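Given the coordinates of chain W, assemble chain H onto it according to the supplied hints.
In case you want the letters, here they are:
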Amino acid sequence: MQRTREVGADYFHKVVDCQWACPAHTPVPEYIRLIADGRYADAYMINWKSNVFPGVLGRTCDRPCEPACRRGRVEEEPVAICRLKRVAADNKGDVEGRMPPPVSHSNGKRVALVGCGPASLTVARDLAPLGYQITIFDGETKSAGMIRSQIPRFRLPEEVIDEEVGYIAALGGIEMKFGHRIDSLKALLAEGYDAVFVGSGAPRGRDLDIPGRAEAAANVHIGIDWLSSVSFGHIEKIGKRVIVLGGGNTAMDCCRTSRRLGGESVKVIVRSGFEEMKASPWEKEDAMHEDIPILNFRVPKAFTHENGKLTGVVFEVVKAEYDERGRRRLVPSGEPDEHHECDDVLVAVGQENAFPWIEDDIGLEFDEWHMPKVDAASFQSTIPNVFFGGDAAFGPKNIIWAVAHGHEAAVSIHKFCQGQDVADRPPPGATLVSQKMGIHEWSYDNDVSNDLRYRVPMRDKAEALASVRLEVELGFDRELGLKEAQRCLNCDVQTVFADKLCIECDACVDICPMDCITFTEEGEEDDLRGRLKAPAVNLTQDLYVSGKLPTGRVMAKDEDVCLHCGLCAERCPTGAWDMQKFYLEMTHAGGCNA
Amino acid sequence: MTYILKPQLHHPKLPTNSLGYTRRDYEGSVSTLCAGCGHDSISAAIIQACFELELPPHRVAKLSGIGCSSKTPDYFLGNSHGFNTVHGRMPSVLTGANLANRDLIYLGVSGDGDSASIGLGQFAHAIRRSVNMLYIVENNGVYGLTKGQFSATSDKGSKSKRGVVNTDAGIDMVSLALQMGATFVGRSFSGDKDQLVPLIKAGLSHKGAAFIDCISPCVQFNNHNGSTKSFDYVREHNEAVNRLDVITPRDEIKVDYKPGETVRVQQHDGSVLSLHKLNELYNPNSRAQALGYLQARQARGQIVTGLLFVDPKAGDLHDAVDTVETPLNQLNEHELVPGQTALARINQSLR
Numbered sequence: 001m002q003r004t005r006e007v008g009a010d011y012f013h014k015v016v017d018c019q020w021a022c023p024a025h026t027p028v029p030e031y032i033r034l035i036a037d038g039r040y041a042d043a044y045m046i047n048w049k050s051n052v053f054p055g056v057l058g059r060t061c062d063r064p065c066e067p068a069c070r071r072g073r074v075e076e077e078p079v080a081i082c083r084l085k086r087v088a089a090d091n092k093g094d095v096e097g098r099m100p101p102p103v104s105h106s107n108g109k110r111v112a113l114v115g116c117g118p119a120s121l122t123v124a125r126d127l128a129p130l131g132y133q134i135t136i137f138d139g140e141t142k143s144a145g146m147i148r149s150q151i152p153r154f155r156l157p158e159e160v161i162d163e164e165v166g167y168i169a170a171l172g173g174i175e176m177k178f179g180h181r182i183d184s185l186k187a188l189l190a191e192g193y194d195a196v197f198v199g200s201g202a203p204r205g206r207d208l209d210i211p212g213r214a215e216a217a218a219n220v221h222i223g224i225d226w227l228s229s230v231s232f233g234h235i236e237k238i239g240k241r242v243i244v245l246g247g248g249n250t251a252m253d254c255c256r257t258s259r260r261l262g263g264e265s266v267k268v269i270v271r272s273g274f275e276e277m278k279a280s281p282w283e284k285e286d287a288m289h290e291d292i293p294i295l296n297f298r299v300p301k302a303f304t305h306e307n308g309k310l311t312g313v314v315f316e317v318v319k320a321e322y323d324e325r326g327r328r329r330l331v332p333s334g335e336p337d338e339h340h341e342c343d344d345v346l347v348a349v350g351q352e353n354a355f356p357w358i359e360d361d362i363g364l365e366f367d368e369w370h371m372p373k374v375d376a377a378s379f380q381s382t383i384p385n386v387f388f389g390g391d392a393a394f395g396p397k398n399i400i401w402a403v404a405h406g407h408e409a410a411v412s413i414h415k416f417c418q419g420q421d422v423a424d425r426p427p428p429g430a431t432l433v434s435q436k437m438g439i440h441e442w443s444y445d446n447d448v449s450n451d452l453r454y455r456v457p458m459r460d461k462a463e464a465l466a467s468v469r470l471e472v473e474l475g476f477d478r479e480l481g482l483k484e485a486q487r488c489l490n491c492d493v494q495t496v497f498a499d500k501l502c503i504e505c506d507a508c509v510d511i512c513p514m515d516c517i518t519f520t521e522e523g524e525e526d527d528l529r530g531r532l533k534a535p536a537v538n539l540t541q542d543l544y545v546s547g548k549l550p551t552g553r554v555m556a557k558d559e560d561v562c563l564h565c566g567l568c569a570e571r572c573p574t575g576a577w578d579m580q581k582f583y584l585e586m587t588h589a590g591g592c593n594a
Numbered sequence: 001m002t003y004i005l006k007p008q009l010h011h012p013k014l015p016t017n018s019l020g021y022t023r024r025d026y027e028g029s030v031s032t033l034c035a036g037c038g039h040d041s042i043s044a045a046i047i048q049a050c051f052e053l054e055l056p057p058h059r060v061a062k063l064s065g066i067g068c069s070s071k072t073p074d075y076f077l078g079n080s081h082g083f084n085t086v087h088g089r090m091p092s093v094l095t096g097a098n099l100a101n102r103d104l105i106y107l108g109v110s111g112d113g114d115s116a117s118i119g120l121g122q123f124a125h126a127i128r129r130s131v132n133m134l135y136i137v138e139n140n141g142v143y144g145l146t147k148g149q150f151s152a153t154s155d156k157g158s159k160s161k162r163g164v165v166n167t168d169a170g171i172d173m174v175s176l177a178l179q180m181g182a183t184f185v186g187r188s189f190s191g192d193k194d195q196l197v198p199l200i201k202a203g204l205s206h207k208g209a210a211f212i213d214c215i216s217p218c219v220q221f222n223n224h225n226g227s228t229k230s231f232d233y234v235r236e237h238n239e240a241v242n243r244l245d246v247i248t249p250r251d252e253i254k255v256d257y258k259p260g261e262t263v264r265v266q267q268h269d270g271s272v273l274s275l276h277k278l279n280e281l282y283n284p285n286s287r288a289q290a291l292g293y294l295q296a297r298q299a300r301g302q303i304v305t306g307l308l309f310v311d312p313k314a315g316d317l318h319d320a321v322d323t324v325e326t327p328l329n330q331l332n333e334h335e336l337v338p339g340q341t342a343l344a345r346i347n348q349s350l351r
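Taken in order, these protein sequences are the chains called W and H.
First residue of the first sequence? That's 1 in my numbering, and the numbers climb one at a time after it.
First residue of the second sequence? That's 1 in my numbering, and the numbers climb one at a time after it.
Don't read these hints as lab results, they were simulated from the structure.
What you are looking at is a predicted structure, and each value in this text was computed from that prediction instead of being measured.
There is no bait here: all hints are sound.
Pairs of lysine-lysine, DSSO-like flavour, derived with a Cα cap of 30 angstroms:
| no. | chain 1 | residue 1 | chain 2 | residue 2 |
| --- | --- | --- | --- | --- |
| 1 | W | 581 | H | 6 |
| 2 | H | 13 | W | 548 |
| 3 | W | 483 | H | 13 |
| 4 | H | 147 | W | 500 |
| 5 | H | 71 | W | 436 |
| 6 | W | 240 | W | 309 |
| 7 | H | 6 | W | 483 |
| 8 | W | 49 | W | 109 |
| 9 | W | 14 | W | 436 |
| 10 | H | 159 | H | 71 |
| 11 | W | 14 | H | 13 |
| 12 | W | 533 | H | 6 |
| 13 | W | 436 | H | 161 |
| 14 | W | 548 | H | 161 |
| 15 | H | 13 | W | 533 |
| 16 | W | 500 | H | 161 |
| 17 | H | 71 | H | 147 |
| 18 | W | 548 | H | 277 |
| 19 | H | 6 | H | 71 |
| 20 | H | 313 | H | 207 |
| 21 | H | 6 | W | 14 |
| 22 | W | 581 | H | 13 |
| 23 | W | 533 | H | 277 |
| 24 | W | 500 | H | 159 |
| 25 | W | 278 | W | 461 |
| 26 | W | 436 | H | 147 |
| 27 | W | 533 | H | 71 |
| 28 | W | 278 | W | 319 |
| 29 | H | 6 | W | 500 |
| 30 | W | 436 | H | 6 |
Some chain W residues near chain H, calculated using beta-carbon distances under 8 angstroms:
| no. | residue |
| --- | --- |
| 31 | 448 |
| 32 | 503 |
| 33 | 514 |
| 34 | 561 |
Backbone N, C-alpha and C define an ideal beta-carbon position, used for all residues, glycine too.
If we strip away everything but chain W, and leave its shape as in the complex, we get (with noise of 0.2 angstroms):
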């Protein structure tokens, strides 16, 4: 096997699995260490930086991270990445003074921004601050799009969405126009902008178009305008029998929803297996803790109603049948059809992107899906000045995807803007630099925690169904978490080795917990794994490798459960292994790598 070079970033980046998992790229162990220390506000401007919304992300986030975290490989469960950085949201004081002062010089250059949802406001972000003088239109009433419409206030309160858009607002340069519904691109390319950003979201549910549907149609409610409708208090009851068709996260928000507005038996009802729902795995937990169960394998066939009021729906029950490949079909079980009774139904069945303001005629082509075509990397269409980003571009995704999404985009009309090639991106910044203090001492807690993860505390659950906008977790404290940030590994502190330093001495091997390090023959990646100290089976995890030593051995060490607790560079006589900490930061437009 070739030994590992530093080619770029992306062999460290990758040790640091939650960082790797994150679209965003947000470097999380080092805000983690920084919430440890007390330093909430340092920690929080980190993701500032990098995610734009750690308010909103700490308590609604799809924590692509947590799957990825490595606590979760060594121990039972990953460290709780998403409820820390509200840790450092909540306690961050006043961070206003460390904001980018608002904007005295423009550009020249302007820039509208379609939706004000998180993938324009992001874009918003990384460009008002050079000096772009951006419009954003809003068809609602006010800012932040799905987050502020689709997110139930119990689990987002509004004053952490006004304050962090108000951050951006405050960047100067920044246009929001709300009430203002874009319904032509045409008219808006010829207001004559020098780009055009659609972060227009998924704004459609999809219906369900079966029997009785028409006839009961005043208690049949689509989930997203339904919850849009309760975000902005034009609702403000549902009825006593509630039944959410769907099995995604905005079902979970639709069920919980209701029970706090007066839904007293309100059942979920999905058509596959309740292991394959579409909805978060702690989403799920939430809404079986208020008492709202979980059916699966029904298929919904018909609204029943009486005298033009909804009475129930008929489910046929079915079960999965798997063919050769794996593809899953769901078949008839046999058992007879079920009739559940309710009096109001919400139908959270997907979302669709619908463009119907984008005319035929002015160059912007679609794919076979109704899509727009966008270029994966540079977000821009088959118009150059016109970009996507968020669910617009590749359909419904989450808040972490969008802004990433947006950062990627404001690199790209920046470019645009400067009459660059947008297809040039700018690689991240990385660092890597030793945290030795002492002859084994470190910059960085390098003893492990063994701790098992805490629950966040929770409002008790009868006064937290008591009404839709009293949040319904109350967050880790400091003392919880501190705690919780000692879970974490530091993967970014990493180990390095130094081949031309190594004795062999076997002092690495012996101290190593995990059996990561093996000194052994070369061999080729395949045959190397087998014959490690303990088999290195995690093919998705990279094996670290060392040229020739003088024995003729090389050293090979299995990143997979490594706990970078440092004990191998403590124990190596001669420094050849040593803790240094990588740091990458990702480039937005106008940073110092572009």
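Showing chain H alone in chain W's frame:
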């Protein structure tokens, strides 16, 4: 020195032995020796050997004297019995313990100072009495705790870190053990666990006095050019005479070599030592040949390693003095105080 505890987390696929223990369960506290010390590798080899032999930790007694090497029993087998004796007096304490409780497995750990200088007499006598034990000398040829003077096992002509040449003859612990009648003698190197772990396993399962001289470079004071106990020197001059596999009665016999290349030796406890010959002329069943071979190779500057001598039919001190089968602490009052009639019979036999 490391200030933190070794994390309790371990590899998710870490195997367990038939007792339900992982290798990590045989560890002790974190070493306070210098980083890179050969002794730590020997501790790791002992841990591995005890795990593979599936020894119940509470059936092992580890005894040591004074010195860097004698500190190491703190760093392995944290759930076993231990005794740190006065300097050089480990062999007699071990002998006493063994006589009192023959059911335990005795592991004596010592260094070149503890065994070749102050405790040389103790060492020799424990060996010649065939005390059932494994006696490991962690031999670095230097007094590390007192900052680098030559020890009694430093070779003549070897250079100290400060450039002084040793003018005294070195004591060869292996030859000494052979002459004193040890029934299992091996030599190994802390930097070669493939060789060391099976030797420790074989020594622990041997009945009688088993001795291993383990060269263990002192990274602080004896790992320089001119030293004959440095990593580089030992690797360059190492001449292994055989490779050992220890097959316990539980194991399946898997590894096999062509006939004539392997010697099988069955020990008292049923374990089989499968010796793959690296030097076809070397015969580990002959004490006299072993001594001659060692002398000849030593004169050429080579360090002979491997299982150098084994007498699988050896007896031990208990056989010689005909002690009771039951450990003394398990004898009851009836057995210990047999009464007037028994006393009269004994007295009568002595008249």
